[in-house]
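Numbering (the working numbering), first residue to last: 1 to 112.
Please note: incorrect hints may appear among the correct ones.
As the list claims (entries may be wrong) - Label pairs and their in silico Cβ distance ranges:
#1 13 / 62: 31 to 37 Å
#2 2 / 33: 18 to 24 Å
#3 54 / 22: 17 to 23 Å
#4 14 / 64: 28 to 34 Å
#5 65 / 5: 16 to 22 Å
#6 51 / 26: 27 to 33 Å
#7 55 / 15: 27 to 33 Å
For the record, the hints were derived by calculation from the structure and aren't laboratory data.
It should be emphasised that the depicted structure is a prediction, and the values quoted were computed from it without experimental measurement.
Don't be surprised by glycine CBs; every beta carbon is placed ideally from N, CA and C.
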Amino acid sequence: MKYATEVLDLMAAAPGRPWRMAELVRGASGARDLTRRERNAMRQAILRVLETLHEGGQVARIEHARNSLSYVWSDVRHGGIACAPDAARQCIHVVAPAADPPKCQSIAALLR
1 MKYATEVLDL MAAAPGRPWR MAELVRGASG ARDLTRRERN AMRQAILRVL ETLHEGGQVA
61 RIEHARNSLS YVWSDVRHGG IACAPDAARQ CIHVVAPAAD PPKCQSIAAL LR
């Protein structure tokens with residue numbers, strides 16, 4: 001998954017801090033100027049990372065308005081164990097159907 005390590009590094013540096021998408025794009029790009037096409041592609045890739053983390057319970061979404069969200073690293077517990085940023089680097093929990101136990105995929109597999 002593209003930009004997963006950049007997003008995890010940014011959000012782990014300040015747990016509890018609300019991050020807007022523009023801040024995550026700027027941080028992941030190294031604050032370099034991007035064309036509109038590059039920025040949209042990066043935004044979509046970061047959104048996929050955030051959705052996966054949200055489904056796994058590591059990231060909470062805060063909705064400010066209809067089209068305004070912030071993302072916060074959360075201390076949601078899975079199976080009684082708090083998900084720390086370092087644990088998310090090793091494993092992102094992917095939500096499975098209710099009948100199946102949660103699957104665990106390595107970040108290396110998701111980055112491919």
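So, against the hints stated earlier in the document, which numbers end up violated here?
Checked against the structure, the hints that fail are numbers 1, 4, 5, 6, 7, while the rest are satisfied.
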